[in-house]
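The hints should help you fit chain B onto chain A, whose structure is shown.
Taken in order, these protein sequences are the chains called A and B.
Using the numbering used here, the letters of the first sequence correspond one by one to residues 1 to 186.
Using the numbering used here, the letters of the second sequence correspond one by one to residues 1 to 184.
It should be emphasised that the hints constitute simulated quantities derived from the structure, not laboratory data.
Accuracy of the hints is not assured; some may be wrong.
[Claimed, not checked] Partial list, derived from the structure: chain B residues whose beta carbon lies under 8 Å from chain A: (1) Asp8; (2) His29; (3) Met49; (4) Ala51; (5) Val52; (6) Leu58; (7) Phe62; (8) Leu67; (9) Phe72.
Heads up, the beta-carbon is just placed ideally off N, CA and C, and yes, glycines get one too.
For reference, the chains in residue letters:
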Amino acid sequence: MINETTLVGRIQKGDPRACRHFVEQYQRLVFHMVSRTVPEKNDWEDICQDVFLKAFQHLDHFRFESRLSTWLARIAYNTCINYVKKKRPLLHDDNPGRPPEPADNTSIRPDHHTEQQDMARRLREEILRLPAPYRTILTLYHLEEMQYHEIAEIMNLPLGTVKNYLYRAREKLKQQLFMKYPEEAL
Amino acid sequence: MMEKHVSDHDIQAFLDGSAGNLEEQIRSHMRRCDACQEKYRQYRELTGMLAVPPEMELRPGFAEKVLHHPDFPIDFHPEFILPYLFSLIGVIAACAGIFIYLGINPKDYFSVLFNLSLLESVRDLLDTLSPAVKPFLHVFSGRMDMILFSLLALVVVFLLDRFVLRGLLPNSGKPSGPSFPVLI
Numbered sequence: 001m002i003n004e005t006t007l008v009g010r011i012q013k014g015d016p017r018a019c020r021h022f023v024e025q026y027q028r029l030v031f032h033m034v035s036r037t038v039p040e041k042n043d044w045e046d047i048c049q050d051v052f053l054k055a056f057q058h059l060d061h062f063r064f065e066s067r068l069s070t071w072l073a074r075i076a077y078n079t080c081i082n083y084v085k086k087k088r089p090l091l092h093d094d095n096p097g098r099p100p101e102p103a104d105n106t107s108i109r110p111d112h113h114t115e116q117q118d119m120a121r122r123l124r125e126e127i128l129r130l131p132a133p134y135r136t137i138l139t140l141y142h143l144e145e146m147q148y149h150e151i152a153e154i155m156n157l158p159l160g161t162v163k164n165y166l167y168r169a170r171e172k173l174k175q176q177l178f179m180k181y182p183e184e185a186l
Numbered sequence: 001m002m003e004k005h006v007s008d009h010d011i012q013a014f015l016d017g018s019a020g021n022l023e024e025q026i027r028s029h030m031r032r033c034d035a036c037q038e039k040y041r042q043y044r045e046l047t048g049m050l051a052v053p054p055e056m057e058l059r060p061g062f063a064e065k066v067l068h069h070p071d072f073p074i075d076f077h078p079e080f081i082l083p084y085l086f087s088l089i090g091v092i093a094a095c096a097g098i099f100i101y102l103g104i105n106p107k108d109y110f111s112v113l114f115n116l117s118l119l120e121s122v123r124d125l126l127d128t129l130s131p132a133v134k135p136f137l138h139v140f141s142g143r144m145d146m147i148l149f150s151l152l153a154l155v156v157v158f159l160l161d162r163f164v165l166r167g168l169l170p171n172s173g174k175p176s177g178p179s180f181p182v183l184i
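If we strip away everything but chain A, and leave its shape as in the complex, we get:
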């Protein structure tokens, strides 16, 4: 795998292959963050594109003090949060009564679902009820396997707060998920 200094250098020299490599290497991370933080799935691709355009625009400011993925994730987080605030100002703080958006496959009859798909759908619905920062922390910790200090840097939060939010998010999910759907249903 190409190292970050080389990659950034080549991008700054205007090498199209390096630019493409950068997008392809990190598009999964950005997509995970966007799709978990922003409920409107029609906007996901545009937001991801916006994140990468901002990254290319500000690449000169990258000082190699953190990993490139951490730096990019911070841009993705800020972009998502700004979007969510613009769309629904209350969503950033909390989202107590808002029903989740219908899942992708709601038109399919429930008896056609596999058990696993059903569980994933329920989890998605419950995650959407959580505040946006909780959703981001869950994504970065569980999907991207980032460390607490990296998440703290991305979200500009104290390390203790990150840990606390993660625990609270999981506790909330556990309560909602396992109370609503008892063990045998899961």
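Frame of chain A, contents of chain B only:
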């Protein structure tokens, strides 16, 4: 000895491997306590589910979309584009060379593809518009082979410059800054 149940916080820390000194206490308590064991099982199941990536992904070609966006801020350096352009010219020149070597007039073949009478009309039009273009047109009429040879010579010069001459000169032939390995 722990009398109370293990808190949600501690069970999560145990699950993440960050319970520290409490780890052994929590483990021994859970061996005796069904309620805490059940809580631990639920958390384990939940974290397993959270680690499953979403089924949807960005569609293929996303990177191209970003690179061709009107607001894309980086100008691609000609150094990275010219080799592709010159490769194309090289292929065309090679084809032309084969045509000439075999004594085939490319015009006979191109006339199948292009309507040359249209070119003749344009030439007549230019002819009437300005007598100054006459000598220019005269040079090119019936001299397709010359044009193709010129192109071929251009390619040879470029290749010589890029791969031979630059290497002979000190501090040239390489872009400034570190040298870069092939990316993908």
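A quick look at each hint next to the structure:
{"no.": "1", "hint": "Asp8", "verdict": "holds, 5 Å"}
{"no.": "2", "hint": "His29", "verdict": "violated, 19 Å"}
{"no.": "3", "hint": "Met49", "verdict": "holds, 5 Å"}
{"no.": "4", "hint": "Ala51", "verdict": "holds, 5 Å"}
{"no.": "5", "hint": "Val52", "verdict": "holds, 7 Å"}
{"no.": "6", "hint": "Leu58", "verdict": "holds, 5 Å"}
{"no.": "7", "hint": "Phe62", "verdict": "holds, 6 Å"}
{"no.": "8", "hint": "Leu67", "verdict": "holds, 6 Å"}
{"no.": "9", "hint": "Phe72", "verdict": "holds, 7 Å"}
Of the numbered hints listed earlier, the single one contradicted by the structure is hint 2.
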